[in-house]
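Student: For reference, the chains in residue letters:
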Amino acid sequence: AQSVTQLDSQVPVFEEAPVELRCNYSSSVSVYLFWYVQYPNQGLQLLLKYLSGSTLVKGINGFEAEFNKSQTSFHLRKPSVHISDTAEYFCAVSGSGSNYKLTFGKGTLLTVNP
Amino acid sequence: NAGVTQTPKFQVLKTGQSMTLQCAQDMNHEYMSWYRQDPGMGLRLIHYSVGAGITDQGEVPNGYNVSRSTTEDFPLRLLSAAPSQTSVYFCASNKGGQGSYEQYFGPGTRLTVT
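Going down the list, the protein sequences come from chains A and B. Anchor point for the first sequence: position 45 equals 432 in the numbering used here, and the numbering is continuous, going up by one each time. Anchor point for the second sequence: position 71 equals 84 in the numbering used here, and the numbering is continuous, going up by one each time.
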């Protein structure tokens, strides 16, 4: 079984500031890790994923995340945010042998203020 | 491709009523799943299917039934709605097999049970 903890439920930042959204996971098996974004009243869109290989993964809209196996973390970062990045962000994990079942964190609401 | 489609977008039910949430995908994906999203809870897996005729329970299956008679469709049935089933429901699909890591989400159905 896997679990995901998103350490911040809300993160307010000013436009053009850097941001980090934190995610920790636990699992007894090899995992795949994902970040999804949900804009208001919309479905979920995949931002990026870690499957294997390089621990730094780049996604859409200038986001990147770093997989740290020793700390069981997969934090999401962006060096300069825009108003349009205001959304809820979900970290998710699946077992590498069961990629049809995602376990989600509770979400982090990123609010970018002018 | 329309991707993953869900109907209806909104629904209000009275306690004890039954209904079916529809989900269809036109990508010939093997895997399909239902999640519910509640404030502060993230998304939780209700039921999933790894192919036509094969379904299994997720984290929160009580009060819901599913069946998968075709590859394209994966309806979710509420037999006797309860206020605790007020939620936003998302259907997702995944290609299946090696290399199929991304789940594609529908736009969601917002259900209110009074």
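Calculated directly from the structure, the hints in this document are not laboratory data. Treat each hint with caution, since some may be false.
Only pairs whose alpha carbons sit at most 25 Å apart, straight line, appear in this in silico PhoX-like list of lysine-lysine [unchecked claim]:
#: 1; chain 1: A; residue 1: Lys493; chain 2: B; residue 2: Lys27
#: 2; chain 1: B; residue 1: Lys22; chain 2: A; residue 2: Lys436
#: 3; chain 1: A; residue 1: Lys488; chain 2: B; residue 2: Lys27
Non-contacting residues of chain B with respect to chain A, defined by C-beta distances greater than 10 Å in every case (computed) [said to hold, decoys possible]:
#: 4; residue: Ala15
#: 5; residue: Val25
#: 6; residue: Ser46
#: 7; residue: Gly71
#: 8; residue: Val126
Keep in mind the model is a prediction, meaning the values are calculated, not measured. Glycine is no exception: its CB is placed at the ideal position from the N, C-alpha and C atoms.
Student: Determine for every hint whether it applies to the structure shown.
Tutor: A quick look at each hint next to the structure:
1. Lys493(A) x Lys27(B): 28 Å, violated
2. Lys22(B) x Lys436(A): Distance of about 28 Å is beyond 25 Å: violated.
3. Lys488(A) x Lys27(B): Roughly 31 Å between the alpha carbons, so the hint for Lys488(A) and Lys27(B) is violated.
4. Ala15: 13 Å, holds
5. Val25: About 17 Å separates Val25(B) from the closest Cβ of chain A, which puts it past 10 Å; holds.
6. Ser46: 6 Å, violated
7. Gly71: 7 Å, violated
8. Val126: The assertion about Val126(B) holds, with a minimum of 20 Å to chain A.
Of the numbered hints given earlier, the model fails hints 1, 2, 3, 6 and 7; all others are met.
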